[in-house]
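Chain residues, written in single-letter form:
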Amino acid sequence: MNFVVTHFNYLAVIVLMMTGLYVLFATGNLIKRMIGLALFQTSTALLYISLGKVAGGTAAIKIYPDSPEAQALAAQLDPAYVAQFGVSGVVYSNPLPHVLILTAIVVGVATLAVGLSIAVRIREAYGTIEADEIEAVRAREPGE
Amino acid sequence: MADATHWIGGGLVVAGTLLTLLGGVGVVRFPDVYTRIHAASLTDTGGATLVLIGLGILSGFTLETLKLAFVWAFVMLTTPAAANALANAAFSAGHKPRIGAFQIMKGESSEGAGPAQRDGGVAP
Amino acid sequence: MNAIALEASFALNVALLLMLVAIAAAIAWTRSLVAAILLMGVYSLASAVWLVVMDAADVAFTEAVVGAGVSTVVLLGATLLVRPGPVRVDWRRAIAPAVLVVGVGALLVLAVSGLASFGDPSSPANAHVGRSYLVETPNDIGIPNVVTAVLASYRGFDTLGETVVVFAAGIGVALMLGFGPRSSLPQPPVQPGEHHVVLRVTARLLIPLIILFAFYVLFHGDLGAGGGFQAGVILAVAPILHALVFGLHATTAAIPAGFVRGVAALGVLVFAGVGVVCMANGGGFLDYDRLFMPRVEAMIPPGLLGDPTYSHNWGQHFGILLVEVGVLLTVSSTMVTIFCGFAGRATHDVGSAR
Amino acid sequence: MTLFEAIYVTPPALTAQAPILVVAGPLIGASAAALSPGARTAWMVSVLTAAFALWMSVAVVTEVAREGVVDYALGGFAPPLGIALRIDALGATMALLIASVGLLGALYSGHALSSEVYPGKHGLFQAGYLLCLAGFLGLVFTGDAFNAFVFLEVSSIGTYALVAVGEARDRRALPAAFNYLIFGTVGATFYVLGVGFLYGATGTLNLVDMSVRLAALGDNFAVQAGLAFIVAGLGVKAAIFPLHGWLPGAYAGAPSLVSVFLAATATKSAIYLIVRFVFDVFPTGGFGQTFLALMVAPLAAAAAIVCSVQAIFEKEVRRILAFSSVAQVGFIMLGISLATTGGLSAGVFYLVAHALMKGALFMGVGALAISVKARTVEEFYGLGREAPWSAAAFAVGAASLAGVPLTMGFLAKWSLIAGALEAGALWVVATLAVGSLLTLVYVGRLLEAMFFRVPLPGATRAHEAPFGVLVPLLVMAGLSVWFGVDSSLPESLSRASATGLIGSAR
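Chains as they are written, first to last, in this note's numbering: chain D, 586 to 729; chain H, 5 to 128; chain W, 12 to 365; chain P, 753 to 1258.
Since the hints were made in silico from the structure, they are not lab data. Wrong hints could be hidden among the right ones.
Computed list of lysine to aspartate or glutamate pairs in EDC-like fashion (alpha-carbon distance at most 20 angstroms, straight line) [what the hints assert, rightly or not]:
hint, chain 1, residue 1, chain 2, residue 2
1, P, K873, D, E709
2, P, K1067, D, E720
3, P, K1125, P, E1138
4, H, K71, D, E654
Label-pair ranges, simulated between beta-carbon atoms [claimed, not checked]:
hint, chain 1, residue 1, chain 2, residue 2, range
5, H, G28, D, T591, 54 to 64 angstroms
6, D, T591, W, R211, 48 to 58 angstroms
7, H, V75, W, F270, 25 to 35 angstroms
8, W, A264, P, L800, 26 to 36 angstroms
All values reported here derive from a predicted model rather than from experimental measurement. All C-beta atoms in this analysis are idealised placements derived from N, C-alpha and C, irrespective of residue type, glycine included.
Turn these sequences into a full structure, and let the hints steer you where they fit.
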């Protein structure tokens, strides 16, 4: 198959990440920068999740193999495929990237909160949240 | 039988989604804050109700149905309250309605605009 | 390769990703800060839907709670405090970042060309450790939700670190912004929210329900999507709603700064304490199999949790539960700290009628 | 290592758990500090916790000296499934360094903090400090790529806030902290991206397992780009040349305790992680070392020259020291990128030496600034006579930085040049020579200002720093001299680190 189809998720996620990075660097507004940073981090998470998807899989929550739910899932798939990649009759997606991304999302919001609290203090100390205006104020201070 | 529930449930979900979409169009197209709030909140509760009933039919009568009922109760409780709070905030911020019977009021209460635009807020 | 369902889910995946790209472009495009923040919330919700399609139910839950909830609130709060004008756009500023982004993007495209195709069950990522967790969890841990098992037990140390990150963020915000209303701010003359009858009644109804739901999410984490982190954020919504409707003064009178900070520290102590207890019983740090001494473990009735299929490994069950409680305590009190930090900086009480 | 065994007898039950206690101890201590009611209690919690971490680090070092590598499986799960700590000689050296600086910093904070941080915030500040300590220690001990990210963020989020607290003295700390946060988070996210690619290619996060699978995998774009992202991301944290923009502002604006701790540990632990990936995870002589030699080494050389020149033209003392740090990171990376036993061990030795001297220098600046709010070089005129002990300790650190014989800095430069000659890299020798000459210029300017100038008219007279500040300062400066005379301990540790990473063959 063609690269763009088999790797479509990765390519789309790259576009998202780079949009975030662009927003981060192209603006001087501190809050918009934090938005760009959040976008960048969230999109990085999507890369991990794409890595962990298994075709025909389901969420990694144990299903009894003889339950109707498991049978409905297995009915859509080739029995040989289930036998090879399933765990006791059910194909699951990979749980590890999910765990990592849970941690990464939490780290992201922690960074966001600290960054914004610093931005608020900057507004109180300098009267602006535009990077170039802060720079101008700093340039007028002694010792620079 | 299974086919019938499939079609009825699916149809309700699609109808609810379309209703919500209509609400989205209303938010963009309506002239002032109050009508927009109206569009958003009415279609939100109505659309969500249809979608949830549809999902309930699709899932059959199980524990899921109870959970959906809880979700519905929550939506019915919060969306109108949020709309009320939003309208209240818009009114205290001095937004005036543009259409309907309020146009008469608009002429009367020019001094009653309240703390108009006191702190700019985040209003559009 | 298999049936129509696969292709249908792939089409949904593509549609949602394109939607995300469109939202991201709009975020980059818009000059209004508030619009960008709200679009960021929409982005989070849309990505939560995408995450469900990707079978990441737990992550979707967290993303909806954090990305669309906490992040949006914190961003809006900060925006309210700094009162910025529209974001200025300077084309000269945009050239260097654009070049950088194109360069990094090209490197990334090169990098993904070395990865296995999307959804491949035999790719290294899916075939090695990830699969081992699925196979081993019923024996090692004995709970249905493998994500919770990996999160709280196999990689419990990561989760301890995550809890500490949240704690650190709480410390950071408290260092920067303090907690609650500044003492210089006068008590509002009218009890705020006095005339918001609808809001007050709804809030009174909702706050107990929110707390109940938080505990449901906490205890349900073993069985389905949920866990300490999501529950913590939901629990924090209760005092935040209280502050929004009844005023920050009323809330900080009910839960003072010292109490909230203490609970945050207590959460970390509970988590690390479980690890230390396991150590004291002769195991390694966070080795829940040693949480109880064998004598104690023998006394637990096998049908305690109802389903006797999962009645082995009491140490793992209770270890995970205690650890999740620790996460809940730290996360909820940190979220309250963050909210009160931002809200306390406002020049008027957030709850007062506007 | 018999020295330690003679001094300490650690109970065997504790020794077995020492690796995790090094990390978990400060985490628990941080919660206790946040709970403690007064500034005094918080300080005592901080000192006790840091002392405990140092005690346990020493236990780990003795264990590593005996066993070679110490493994500790967390949660009782075997490594590829569970997270494992893995401490080799380099990790143990780093832990010893970080814990020692941590303890000295905690002692120092007793008096130094009160002039820079509002008293009501001391409890939170000490909690943040201990979290940073725990983060750096966890970073050097963990054997798991993603766990390293978590600890990187534990330390970083603490640091951002601690730097910003410096606004009480100088409001420029705020934009500096914000900058640091942006750059640091982008760096950490790049690291996560890189780890994601390595995970996608190998299916594991455990570093040992990863190295086995990478060796079997051969060259692959995902793996190579993954390493590039990891090095670039960590390069931001390590302040490798074009990515160092956040550092001068952050070091200049932060409270002096934070400057001390950051200068001595933050960039160093990021360098540690780069070394871990390039030499341990990636196959020996493979892409990792090529990447280091072709991409990082030229940048490091540029840093050694350019940033030294910037330091010469800088007016503020703290910023001079900060630019000097970037230049010295260049020296360290040059040694490491030689990829020989000699070069690597010289790099590690230099790293330890630089941590100790920069620690002493920033502590000295902080001690002098307690009585006078001196910031620029002119405001430092004549302080040598008014506060002789602090100034002497500062001078020792400066001498070590310049590479005066009988200091650790001299031995560090010497072994670096010897390593470069041994590897036949003459351009490295030339860069080192030029860089050292430039270092002499700005160090000379600082010392001249302090000892051979009269105070500016109208300047307030300085006083000697209080006893509680002087002791850790003098100990820190004394270590630079002690190891300059008897370098057997750092020498053996850095040699063991290098041989542990690439074997003694080359």
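Exercise. Do D:T591 and W:R211 keep their Cβ atoms within the hinted range of 48 to 58 angstroms?
Worked result: Given about 56 angstroms between the Cβ atoms, the range holds.
Exercise. Under the criterion that the straight-line Cα-Cα distance not exceed 20 angstroms, is the pair H:K71, D:E654 satisfied?
Worked result: Holds: H:K71 and D:E654 sit about 18 angstroms apart, inside 20 angstroms.
For this session: Indicate whether the distance between the beta carbons of H:V75 and W:F270 respects the range 25 to 35 angstroms.
Result: holds, 33 angstroms
For this session: Could you grab the alpha-carbon distance between P:K873 and D:E709 and see if it respects the 20 angstroms cut-off?
Result: Roughly 19 angstroms between the alpha carbons, so the hint for P:K873 and D:E709 holds.
For this session: Mind checking the hinted window 54 to 64 angstroms against the Cβ distance between H:G28 and D:T591?
Result: violated, 34 angstroms
Exercise. Taking 26 to 36 angstroms as the hint, is the beta-carbon distance of W:A264 and P:L800 inside that range?
Worked result: 35 angstroms Cβ-Cβ, so the 26 to 36 angstroms window holds.
For this session: Would you mind confirming whether the straight-line C-alpha gap from P:K1125 to P:E1138 stays at or under 20 angstroms?
Result: holds, 14 angstroms
Exercise. Quick one, are P:K1067 and D:E720 close enough, alpha carbons at most 20 angstroms?
Worked result: Holds: P:K1067 and D:E720 sit about 18 angstroms apart, inside 20 angstroms.
Hint violations for this structure: number 5 only, all remaining hints satisfied.
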